[in-house]
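Trainee: As you go down the protein sequences, you meet chains A and B in turn. Once you know that position 224 of the first sequence is 254 in the numbering used here, the rest is easy, because the numbers rise by one and skip nothing. Once you know that position 92 of the second sequence is 124 in the numbering used here, the rest is easy, because the numbers rise by one and skip nothing.
Hints listed in this document are in silico derivations from the structure and should not be mistaken for laboratory results. Among these hints, one or two may not hold up.
Under 7 Å between C-beta atoms, here's a sample of chain B residues computed to sit facing chain A [claimed, not checked]: (1) 90; (2) 239; (3) 241.
Not close to chain A: a few residues of chain B, all C-beta gaps over 12 Å, as computed [to be verified]: (4) 69; (5) 72; (6) 104; (7) 105; (8) 124; (9) 143; (10) 216; (11) 246; (12) 273.
Note that beta-carbon positions come from the ideal geometry of N, C-alpha and C, so glycine has one too.
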Amino acid sequence: MKLLKGIAFVVLLAGLVLLGRHFLLNIPKTDTPLTTQVSPTPSSPAPTPASEMVEAGGGSDAPLQARDREQIRVLDEILESKNDNDPRMDRLLRDLSEPFKKELRAKYARIPAEKRNDRGTVVFLVGREIAEGRGSTADLQFLKDVLMEKPCLSLEDCSKSPSGVGPDEQHLEAIHETTLHYPQLMDLRYLKIALEQGSLSPVMREAVLAILESARQSPNPRVVADADATLGTSNDK
Amino acid sequence: MFCGALARVIQERAMKPNFSIVAILVSLILASASQASLRFDAEVVPELKKQILEDFQFIQSIRGGNTSALHQKVFGSVDGSNYFDWFNKRVFSVGVDDCGSPTAVACVIVMYPNKIWMSPNYTKFSHPQIARLSVIYHEARHTEEENGNWSHANCPVPFRDARGKDVRSIWTGALLEGRPACDVTAFGSYGSATIFLKNISKNCANCSDKVKVDADLYGTDQLNRITDPVSRKNMIADFASKVIAI
Numbered sequence: 031m032k033l034l035k036g037i038a039f040v041v042l043l044a045g046l047v048l049l050g051r052h053f054l055l056n057i058p059k060t061d062t063p064l065t066t067q068v069s070p071t072p073s074s075p076a077p078t079p080a081s082e083m084v085e086a087g088g089g090s091d092a093p094l095q096a097r098d099r100e101q102i103r104v105l106d107e108i109l110e111s112k113n114d115n116d117p118r119m120d121r122l123l124r125d126l127s128e129p130f131k132k133e134l135r136a137k138y139a140r141i142p143a144e145k146r147n148d149r150g151t152v153v154f155l156v157g158r159e160i161a162e163g164r165g166s167t168a169d170l171q172f173l174k175d176v177l178m179e180k181p182c183l184s185l186e187d188c189s190k191s192p193s194g195v196g197p198d199e200q201h202l203e204a205i206h207e208t209t210l211h212y213p214q215l216m217d218l219r220y221l222k223i224a225l226e227q228g229s230l231s232p233v234m235r236e237a238v239l240a241i242l243e244s245a246r247q248s249p250n251p252r253v254v255a256d257a258d259a260t261l262g263t264s265n266d267k
Numbered sequence: 033m034f035c036g037a038l039a040r041v042i043q044e045r046a047m048k049p050n051f052s053i054v055a056i057l058v059s060l061i062l063a064s065a066s067q068a069s070l071r072f073d074a075e076v077v078p079e080l081k082k083q084i085l086e087d088f089q090f091i092q093s094i095r096g097g098n099t100s101a102l103h104q105k106v107f108g109s110v111d112g113s114n115y116f117d118w119f120n121k122r123v124f125s126v127g128v129d130d131c132g133s134p135t136a137v138a139c140v141i142v143m144y145p146n147k148i149w150m151s152p153n154y155t156k157f158s159h160p161q162i163a164r165l166s167v168i169y170h171e172a173r174h175t176e177e178e179n180g181n182w183s184h185a186n187c188p189v190p191f192r193d194a195r196g197k198d199v200r201s202i203w204t205g206a207l208l209e210g211r212p213a214c215d216v217t218a219f220g221s222y223g224s225a226t227i228f229l230k231n232i233s234k235n236c237a238n239c240s241d242k243v244k245v246d247a248d249l250y251g252t253d254q255l256n257r258i259t260d261p262v263s264r265k266n267m268i269a270d271f272a273s274k275v276i277a278i
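Using the sequences and the hints given, assemble the complete structure.
Mentor: Below, the structure is given as structure tokens:
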């Protein structure tokens, strides 16, 4: 009996220690205001602020509703966690309201350019709305602005080329290169999906094609090449 | 199978403020299981260790349906337990090193078998989660001494992309032709990482839309480093096929 009590005590103690460790490593950040999550001064090339070319309420000044605020909180948690497979990304962060998307576009501009995955996540959410037939012209203008950004030169500091890179590092450059252009590649991917899925109105389809055409003048050579390829595929069809 | 399904439930529950104590404890046990099979050097800072373990929790949770033939050959079916076992058979410990470059994320040093070295850039650089993992699996392939560490092949001369332009180093601008930054085979580090990414993109049943798009973007770019036309053609055909997992 004493032995059983002893074992139970040890198990309880171990549970408490693990529990304490868990809370120390996973302090929830649920109530942090949106504005404190991102740097107000992006270190380098800040994107052109999304313009407010409006169609169907695209630049609505309507206030954020409770659902919008909850979505902002969820997005901040996902970005903070670096867990791209959070199921809430698909369950809660779609069918987005215009006030929420306006907030998303503003959020993108506040995220430092070096946070490629965070910026790309915002582009993904907007792009998916367009591909699923819920996009506005303000969303398209945002995607156009992203494509016209200056290329990010280094994951450490987008404004500078890295120095002292060893020749051995060339073997993982492909991954770095994709990340450097990640918001733009996500952007182009969803424009392509939108064209392929046929869920766009004729007006929106024309607007998407016009964005790809203008992307041929992007200062980012990778964007130019991929826009060319997408337009080539589109013209083939 | 059990662990992965449970992890998914826990992940869903953990989003709610009133998740149960039991779920936390089981989650910790699962995390400890990942930790137990991988040894971390003392120099691995908690932030880096936490990120690696969380990324492995994600990879362990993956469930798939179809699996391509090449994937079946390298990893088995698309399933988190297969990915985790595959890694654990090759890598026993993790150290910290700058890998000789300010931009490196990870590397293998041949004189230290079954070990990968992570640079602080793993958490510092903002790669998508599946891209981080593809780096780890790329390096894990390089630990295979019995296969000559799957050394890279020299890129062809000239080395041009699909649009006929010379492929250059993104850092230095130097031509990559003649540099050991390519693979001929589908089974080396580039090839196996591409097979991994393309199958997750196409066949992962419980991955988010973003993970699947990311996997396709990175997989497509990795494929460009496979320079043998026959290997590339076989890989493209393999990714288009539907083979049911055994």
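Trainee: All hints are to be evaluated individually against the structure, with a verdict given for each.
Mentor: Hints and how they fare:
With 7 Å as the threshold, the beta carbon of residue 90 of chain B comes within range of chain A, its nearest partner Cβ sitting at about 5 Å, so the hint holds. A distance limit of 7 Å between C-beta atoms decides the matter here; for residue 239 of chain B the minimum to chain A is near 6 Å, and the interface restraint holds. Given the 7 Å rule on beta carbons, the hint for residue 241 of chain B holds: about 6 Å separates it from the nearest Cβ of chain A. Distance check on residue 69 of chain B: its Cβ is at least 18 Å (rounded) from any Cβ of chain A, clearing the 12 Å threshold; non-interface status holds.
The claim that residue 72 of chain B lies off the interface holds: its Cβ sits roughly 15 Å from the closest Cβ of chain A, which is beyond the 12 Å cut-off. Under the 12 Å C-beta cut-off, the non-interface status given to residue 104 of chain B relative to chain A holds; the minimum distance is some 23 Å. The beta carbon of residue 105 of chain B is kept farther than 12 Å from every beta carbon of chain A, the shortest such distance being approximately 23 Å. Listed as a non-interface residue, residue 124 of chain B keeps its Cβ farther than 12 Å from every Cβ of chain A; the least gap is roughly 22 Å.
For residue 143 of chain B, the non-interface assignment is confirmed: its Cβ lies about 15 Å from the closest Cβ of chain A, beyond the 12 Å cut-off. With a least CB separation of 14 Å from chain A, residue 216 of chain B remains clear of the 12 Å interface cut-off, as annotated. In this structure residue 246 of chain B is not separated from chain A by more than 12 Å, as the shortest Cβ-Cβ distance comes to only about 7 Å. Even its closest Cβ contact with chain A, about 21 Å, leaves residue 273 of chain B beyond 12 Å, as expected for a residue assigned away from the interface.
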